[in-house]
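A.B. asks: Residues per chain, in single letters:
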Amino acid sequence: MSDHLNASETLKIHVDQDKCQGHARCKALAPELFELDDYGNAHETGDGTVPTALIDQAWLAKSNCPENAIVIDEA
Amino acid sequence: MSERAPVTDWVNDFDHTDPRWTENPYPIWDELRSASPLVHTDRFLGCYMPTTFAAVKEISYDTDHFSSRRVIVRNVRSESPPPAPPITSDPPEHKPAKRLLLPPFTPDAVAKLEPRVRAICNELIDAFIEDDGCDAATAYTKHIPVKTICHMLGIPEDDSDIFIRWIHEILELGINDDAILMKAVFEMSTYFQGHIAHRKQKPTDDLISTLMNARDDKGQPLSDAHVLGSLRLLLIAGIDTTWSAIGAALWHLATHPADRERLLAEPELMPTAIEEFLRAYSPVTMAREVMKETSIAGCPVKPGNMVLLSFPAANRDPSVFPEADRVMIDRKENPHVAFGLGIHRCVGSNLARMEMTVAIEEWLKRIASFRLDPSQKVRWSEGTVRGPRSLPLLFGKPS
Ligand code: SF4
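Sequence order for the protein chains is F and R. Following the working numbering, the numbering of the first sequence begins with 169 at its first residue and continues without gaps. Following the working numbering, the numbering of the second sequence begins with -11 at its first residue and continues without gaps.
Worth flagging that the hints you see were computed from the coordinates, not collected in a lab. Where is the CB? At the ideal position from N, CA and C, for every residue including glycine. Hints should not be assumed to be uniformly reliable.
Below, simulated DMTMM-like cross-link-like pairs (lysine to aspartate or glutamate); rule was C-alpha separation at most 20 Å, straight line [said to hold, decoys possible]: (1) Lys290(R) - Asp52(R); (2) Lys365(R) - Asp120(R); (3) Lys187(F) - Asp78(R); (4) Lys230(F) - Glu321(R); (5) Lys45(R) - Asp318(R); (6) Lys353(R) - Asp120(R); (7) Lys187(F) - Asp52(R); (8) Lys83(R) - Asp206(F); (9) Lys230(F) - Asp318(R); (10) Lys290(R) - Asp78(R).
Interface residues of chain R toward chain F, partial, derived using beta-carbon atoms under 10 Å [stated by the list, open to error]: (11) Lys86; (12) Arg87; (13) Pro91; (14) Pro95; (15) Asp96; (16) Ala97; (17) Leu101; (18) Ser177; (19) Glu263; (20) Asn322; (21) Gly330; (22) Ile331; (23) Cys334; (24) Asn338.
Here are some, though not all, of the chain F residues that point toward chain R, as calculated from beta-carbon distances under 10 Å [said to hold, decoys possible]: (25) His191; (26) Ala196; (27) Gly216; (28) Asn236.
The task is simple: from the sequences and hints, build the whole structure.
C.D. replies: And the structure:
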């Protein structure tokens, strides 16, 4: 067990483009973490790193996506 | 309506147009779900219905075995159902047809319409606010989506009543009567052909012109038939669905005073409340046609049968939604499928959410206290779209 708690809390979020159908739930729940394109499909902002303050929102977005399109990697 | 034998065996002989189903489908779905993830009836020329979230998902994602060319379960099956792309399109035609319609319906595009929708709601409320009550379905919920879509399409709001009649003929009366359905489709096409011809002379900046100016992936303009089909879709799909969703939400608030008071005290709950109303009272059940033999949830299905793709039943599956039959306006995890799943996700979902939110907010601002009128009956629609078609309310607290 490592005692570097911070390291285990770095989350990366990613939208699986094959699955996303543009329900836009992620954008509504975590506007800082997602962007929508002209067709309303989502992708993660930047490289998908989730600031600590937004961790709850990241999980909330994931659990509200009807298509299961949001992937969260715990680095 | 034709005379139908009453249902005595829901599991093997269900009928989604039976008055008991129309009135209160939830206990029936529970019975079906505990019997099997996929049930079948010989009615409607043979029809399956998935009862679990997982089975609905399997079918939604399987565009190989299930076609969207017929999206309504009916007692008659015409050889060439009138297309309304992209809802009636299968891959590979589906994707380009849908991409044309997506940009005007993104959350940002829809947000621009919000002020007009707020004004529509208030104009409607003005007409009955001085009374003791109203039929909220006929005086309020019914008019919001139709006036909104008229605004988007650039057609006169005064034509709303004609549209409402066509939709009733296509989605309800048409289940049993092909002639009524075809006549309504024909009238609708003639109506829109007029508007298309008009815009060829004098282009406008509304959604009809957007479609007429759209180019397919080969750079070609859409055929008039394609434009007409999509307009038909927007009108049919955009109206009684949202009307039903707003009506069911108001019905809930009229019958659950604790939720109503909580929403008034904590308006920040509006987003979760709207999602929960969408889950618990999902208005839309789409259909698919089985094209090739396969199996769903381990049950074999046969070509030629229809499938009642019940998103509402999926949303009541307790294995996905804890206490599925309880409406919790602060439910946090709510990946409901009221707008469908997969490639056919409702193109108007962002618009519907906005209209629902605005309609409930504006109502609560002006009519904080209301309840069902016990001397009258609530009537729910039949078939593809479920929602209150009459919703008699009394304003104010009971004396
Ligand atoms: S909620 Fe899911 S399907 Fe919807 S836009 Fe976000 S990632 Fe895509």
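A.B. asks: None of the hints should be skipped; say for each whether it holds.
C.D. replies: Verification of the hints:
Our distance criterion of 20 Å between C-alpha atoms is met by Lys290(R) and Asp52(R), whose separation comes to about 14 Å. At most 20 Å may separate the alpha-carbon atoms for a hinted pair to count; Lys365(R) and Asp120(R) meet this at roughly 17 Å. Distance hint between Lys187(F) and Asp78(R) is fulfilled; the C-alpha atoms sit about 17 Å from each other, no more than 20 Å. For the proposed pair Lys230(F) and Glu321(R), the alpha carbon gap of about 9 Å is at most 20 Å, so the pair holds.
Using a Cα cut-off of 20 Å, the hinted pair Lys45(R) and Asp318(R) is violated, with the two alpha carbons roughly 25 Å apart. Between the alpha carbons of Lys353(R) and Asp120(R) the distance comes to roughly 17 Å, so the proposed pair stays at or under 20 Å and holds. Restraint check: the Cα-Cα separation between Lys187(F) and Asp52(R) comes to about 17 Å, which is no more than 20 Å; the hinted pair holds. A C-alpha spacing of about 15 Å is found between Lys83(R) and Asp206(F), which places the hinted pair at or below 20 Å, so the restraint holds.
Distance restraint check for Lys230(F) and Asp318(R): the Cα-Cα separation of roughly 17 Å lies within the 20 Å cut-off, and the hinted pair is therefore satisfied. A threshold of 20 Å between alpha carbons decides the hint, and for Lys290(R) with Asp78(R) the separation of about 19 Å falls inside it, so the pair holds. Using the Cβ-Cβ criterion of 10 Å, the hint placing Lys86(R) at the interface with chain F is satisfied: the shortest such distance is roughly 9 Å. At its closest, the beta carbon of Arg87(R) sits 6 Å from a beta carbon of chain F; the interface hint therefore holds under the 10 Å criterion.
Restraint check, Pro91(R) versus chain F: the minimum CB separation of about 5 Å is within 10 Å; hint holds. Of the supplied interface hints, the one on Pro95(R) holds, with its beta-carbon coming within about 5 Å of a beta-carbon of chain F, less than 10 Å. The interface hint given for Asp96(R) is met, as the beta carbon of that residue sits about 8 Å from the closest beta carbon of chain F, less than 10 Å. Taken as an interface hint, Ala97(R) checks out: its beta carbon lies about 9 Å from the nearest beta carbon of chain F, inside 10 Å.
Look at Leu101(R): its Cβ only gets to about 15 Å from chain F, farther than 10 Å, so that hint breaks. The interface hint given for Ser177(R) is broken, as the beta carbon of that residue sits about 28 Å from the closest beta carbon of chain F, more than 10 Å. Taking 10 Å as the C-beta contact cut-off toward chain F, the hint placing Glu263(R) at the interface holds, the least distance being around 8 Å. The beta carbon of Asn322(R) comes within 6 Å of a beta carbon in chain F, closer than 10 Å, and the hint placing it at the interface holds.
Interface restraint check for Gly330(R): the shortest CB-CB distance to chain F comes to about 6 Å, inside 10 Å, so the restraint holds. Evaluation of the Ile331(R) hint against chain F yields a held restraint, the C-beta minimum of about 7 Å falling below 10 Å. Interface restraint check for Cys334(R): the shortest CB-CB distance to chain F comes to about 9 Å, inside 10 Å, so the restraint holds. At its closest, the beta carbon of Asn338(R) sits 6 Å from a beta carbon of chain F; the interface hint therefore holds under the 10 Å criterion.
Using the Cβ-Cβ criterion of 10 Å, the hint placing His191(F) at the interface with chain R is satisfied: the shortest such distance is roughly 6 Å. Residue-level restraint check for Ala196(F) holds (minimum Cβ-Cβ distance to chain R is 7 Å; threshold 10 Å). With 10 Å as the threshold, the beta carbon of Gly216(F) stays out of range of chain R, its nearest partner Cβ sitting at about 20 Å, so the hint is violated. Taken as an interface hint, Asn236(F) checks out: its beta carbon lies about 8 Å from the nearest beta carbon of chain R, inside 10 Å.
Hint compliance for this structure: hints 5, 17, 18, 27 are broken, all remaining hints hold.
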